[in-house]
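J.: Now for the letters of each chain:
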Amino acid sequence: MCDKYKFDNVVRSTAWSPGPGCHGGCGVKLYVKDNKVVRVEGDEEHPFNHGRSCPRMMALTQYMYHPERFLYPLKRVGKRGEGKFERISWDEAFDTIEQRFNEIKEKYGPEAVIFAQGTGRDIGGAISFLCYSFGSPNWVQLGLSGQSCYTPRLGAMTMVQGAPCVADCGQFFEKRYDDERYQLPKYIVIWGQDPSAGCPDAFMGAWVVDCMKRGTKLICIDPRNTFYTSRAEHFLQIRPGTDGALAMGMLNLIIENKWYDAEFVEKWCHGFEELAERCKEYPLQKVSQITGIPQEDIFAATKAYATNNPSSIHWGVPIDMCPEGTTVAQAISLLWCLTGNLDVPGGNVIARPAFLITTYPYDTQQMKDLYGEGIMDFINTKRAGADQYKYLANFRGWAQPDLMVQQMIYGKPYPIKAAWIQTTNVLGGQAADLNKHYEALMNMEFNVVVDTFHNPTTMAVADIILPAATFAEKESFRTWYTPLQIINPAVQVGECKSDWEINLELARRFNPSIREKYPTFQHLVNERIGAHGFTYQKLRDEHNGWVYPTEGPSVPYKRYETGLLRRDGKPGFETPTGKVELWSTRHEEFDIDPLPFYKEPPESELATPELFKEYPLVMVTGKRSPLYFHAEHRNIPWLRSKDPYPKVEVNPKVLKELGISDGEWVWVENQRGKVLRKVKASIAMDEKCVSVPHGWWLPEEKGTYPDFFKAWTHNCNLLVPVGNQSSSGYGGGAYKTTLCRLRKVSPDEMPMLPPEVHDGAKEF
Amino acid sequence: MKKYGLLFDLEYCVGCKTCCVACQQENGFDGDSCGIFINEHIYKKNNGRVQVDYLPFPTQLCNLCEERISSGFDTRPSCVKHCPSACIEYGDAEELYEKAKKMVRPVIYLA
Numbered sequence: 001m002c003d004k005y006k007f008d009n010v011v012r013s014t015a016w017s018p019g020p021g022c023h024g025g026c027g028v029k030l031y032v033k034d035n036k037v038v039r040v041e042g043d044e045e046h047p048f049n050h051g052r053s054c055p056r057m058m059a060l061t062q063y064m065y066h067p068e069r070f071l072y073p074l075k076r077v078g079k080r081g082e083g084k085f086e087r088i089s090w091d092e093a094f095d096t097i098e099q100r101f102n103e104i105k106e107k108y109g110p111e112a113v114i115f116a117q118g119t120g121r122d123i124g125g126a127i128s129f130l131c132y133s134f135g136s137p138n139w140v141q142l143g144l145s146g147q148s149c150y151t152p153r154l155g156a157m158t159m160v161q162g163a164p165c166v167a168d169c170g171q172f173f174e175k176r177y178d179d180e181r182y183q184l185p186k187y188i189v190i191w192g193q194d195p196s197a198g199c200p201d202a203f204m205g206a207w208v209v210d211c212m213k214r215g216t217k218l219i220c221i222d223p224r225n226t227f228y229t230s231r232a233e234h235f236l237q238i239r240p241g242t243d244g245a246l247a248m249g250m251l252n253l254i255i256e257n258k259w260y261d262a263e264f265v266e267k268w269c270h271g272f273e274e275l276a277e278r279c280k281e282y283p284l285q286k287v288s289q290i291t292g293i294p295q296e297d298i299f300a301a302t303k304a305y306a307t308n309n310p311s312s313i314h315w316g317v318p319i320d321m322c323p324e325g326t327t328v329a330q331a332i333s334l335l336w337c338l339t340g341n342l343d344v345p346g347g348n349v350i351a352r353p354a355f356l357i358t359t360y361p362y363d364t365q366q367m368k369d370l371y372g373e374g375i376m377d378f379i380n381t382k383r384a385g386a387d388q389y390k391y392l393a394n395f396r397g398w399a400q401p402d403l404m405v406q407q408m409i410y411g412k413p414y415p416i417k418a419a420w421i422q423t424t425n426v427l428g429g430q431a432a433d434l435n436k437h438y439e440a441l442m443n444m445e446f447n448v449v450v451d452t453f454h455n456p457t458t459m460a461v462a463d464i465i466l467p468a469a470t471f472a473e474k475e476s477f478r479t480w481y482t483p484l485q486i487i488n489p490a491v492q493v494g495e496c497k498s499d500w501e502i503n504l505e506l507a508r509r510f511n512p513s514i515r516e517k518y519p520t521f522q523h524l525v526n527e528r529i530g531a532h533g534f535t536y537q538k539l540r541d542e543h544n545g546w547v548y549p550t551e552g553p554s555v556p557y558k559r560y561e562t563g564l565l566r567r568d569g570k571p572g573f574e575t576p577t578g579k580v581e582l583w584s585t586r587h588e589e590f591d592i593d594p595l596p597f598y599k600e601p602p603e604s605e606l607a608t609p610e611l612f613k614e615y616p617l618v619m620v621t622g623k624r625s626p627l628y629f630h631a632e633h634r635n636i637p638w639l640r641s642k643d644p645y646p647k648v649e650v651n652p653k654v655l656k657e658l659g660i661s662d663g664e665w666v667w668v669e670n671q672r673g674k675v676l677r678k679v680k681a682s683i684a685m686d687e688k689c690v691s692v693p694h695g696w697w698l699p700e701e702k703g704t705y706p707d708f709f710k711a712w713t714h715n716c717n718l719l720v721p722v723g724n725q726s727s728s729g730y731g732g733g734a735y736k737t738t739l740c741r742l743r744k745v746s747p748d749e750m751p752m753l754p755p756e757v758h759d760g761a762k763e764f
Numbered sequence: 765m766k767k768y769g770l771l772f773d774l775e776y777c778v779g780c781k782t783c784c785v786a787c788q789q790e791n792g793f794d795g796d797s798c799g800i801f802i803n804e805h806i807y808k809k810n811n812g813r814v815q816v817d818y819l820p821f822p823t824q825l826c827n828l829c830e831e832r833i834s835s836g837f838d839t840r841p842s843c844v845k846h847c848p849s850a851c852i853e854y855g856d857a858e859e860l861y862e863k864a865k866k867m868v869r870p871v872i873y874l875a
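Chains as they are written, first to last, in the working numbering: chain A, 1 to 764; chain B, 765 to 875.
Just to be clear, a hint being listed does not mean it is correct.
[As the list claims (entries may be wrong)] In the DSS-like style, the derived pairs of lysine-lysine whose C-alpha atoms are separated by at most 27 Å in a straight line are:
1. Lys217/A <-> Lys767/B
2. Lys656/A <-> Lys866/B
3. Lys865/B <-> Lys217/A
4. Lys766/B <-> Lys217/A
5. Lys217/A <-> Lys623/A
6. Lys303/A <-> Lys766/B
7. Lys688/A <-> Lys866/B
8. Lys186/A <-> Lys767/B
9. Lys808/B <-> Lys680/A
Source of the hints: derived by calculation from the structure; they are not laboratory data.
None of the values given here were measured: they were computed from a predicted structure.
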């Protein structure tokens, strides 16, 4: 064999987050030569991906060994924004952080330090250990208006059916589509997503293609035309943000026409009469007017879905970003419940982690054991938003992001003085209202950023930077959902440490019980998986790195019949009534509407007709790209070369009216700001919408103030407001429904600049 | 002598460009060179629906991963292995023609 294919060793591992950046799950093989990963291949034996991969995984070596990657801890030595950083040791970094955080704690209380993350991935455990060990209740997805990413859908599913579920592509079985228990869905409804571009929430987009090849038909709901919509038997081209009306209309049709599963509803559902009454408010004609979809198309698609069991629904983040995101998700989840598609083969299956092993402790007793008796009350009363939103206070541990940014600026109801920022580039990524978040972070006395490269956030506000390891450099494990699999390090790069290692070390300094219980990360891993007879080593050496449960509560189907879903072991669902709650008793407890309803977007042709005259296009942001994970990867040559410019996709008719040409740079603007984009003319776009991909800043440009890698020139979140959160506190971020217009660029016109704001940094 | 090549099922190419980066990794190309490109084609059909299609295009740089296969490292080119839609096949002309008959919208490229 020639030298090119000679390696020192091959490490089998699981991809998750740093590197490809994604929600992970794929089995990969890392080929090592001279202590460097020189090649990455998909693992053909791994049932999650069967050797298949994505552009970001194929480019992993360019990411790992990028000349600008952070390789050791840094501290700021100039003013914020000057870009002057100096190498320090890990000891100095940890000592400084410990000291500064403790000073703030003594003066203002532990709640004055926030712990900010980006999208889910493998950070929840590491960051909650640190946040709660320090004693802060403020674990937050800073910038993500309305916490509008999956949490609203998870909340809705938990209220309705006691646990989340996912479209069944056989992912709970090692043999996948060939497992004899599995059945192919007759239809998959893809609601607001291009699954191949993003692999969302432990779901590989290609699984939909696998099902299509085997005979599954599609129903697509999307404002854009995509690969999937053009292959769909039914395509409902929806007006952005009106998904709630469509779901209510579909529920109404299903009830009116008796397309529901009467036996399942009778035996397992609570509140059918009330729901039926509410649905009458959404007759077909009205729903058609709101959504812009022809009546006959809604009818045909609903009939196809409801009368062809099994069928499943696979949904995307636009649901969360609708006004009242939790209630829109509630309405959609009732569709699979009413039609008898819940926890059946080929339907929407209840998704639980393999062997019920969670990667970190989050049940109440475990939390109390680790962080002290008072922890739950403290978190659930003190975190931002807990006093205003009972729903939020009772579901998951998030602080409310729209309230948090206000609190960081105005110090009410109590001051926030420092931010730990990890797995998130707030200013180049998810933050709506960029100026407000810049002001808020500048106002902090002390900011720590854990990341892999400089970005607008590190440049603008970091006081200490810690270098994070990619998945190829770290030890970890994953149960989201199945299989139980390990992440197995192949190499060390620089002095980078994994998020787990970094956070556990600091957590030990703040909380002696962590030091005692988890002197090394392996202690934690083996505690989590050891109860089931596994060890990290055993999984690595004897199981290829993964194992599928073959029976028990984490294996489908129809677990509500056998008592596997409830803690008390009784049949039914883990809800107060033990049934699927079409009328939510918990919503009533939280003082919000127990039944789903529709609310018009905050800005739209119907809600704000005057504003619409001035800004007649709906700006749909957040289109996924397989080349980029959100705000990452613009510095990776193999990826950037394939999609080099921040674009706006526009229907050619709109361009003709405005006298704008394909390829021209234009302003996309509204009352809040303007960003520069290159036009891509495309009939895939509806004439009323433009698609403006998010996460754009230019790593090749100057990083120092006021350039900040041109974030203020290109980041479309300058145009997106905060403060539209739902009545639950979760959902409603207006990333898909903000109004805008396009304007030709005049030669002397400057882009926007970051505002001059108070710098609250305290010197070292 | 047998002619080898690639077979694509256009029905299932999602346009993700995994094949392109797989090729660049395999051959050590920089961002500007690649053995395969993906072209996007968006058009209106007779029923008024918009079709979004992607067409993989092997360039002059494609050598069907000759070394990858001759060295015994793999039996398939890297693009074939890593395509998430599994819509690329590798083989000799006769094999590909037989496989193509079972595909929805097959295109054969022979090197």
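J.: Please write out, lowest number first, the hints stated earlier that are contradicted by the structure.
T.: 1, 2, 4, 6, 7, 8
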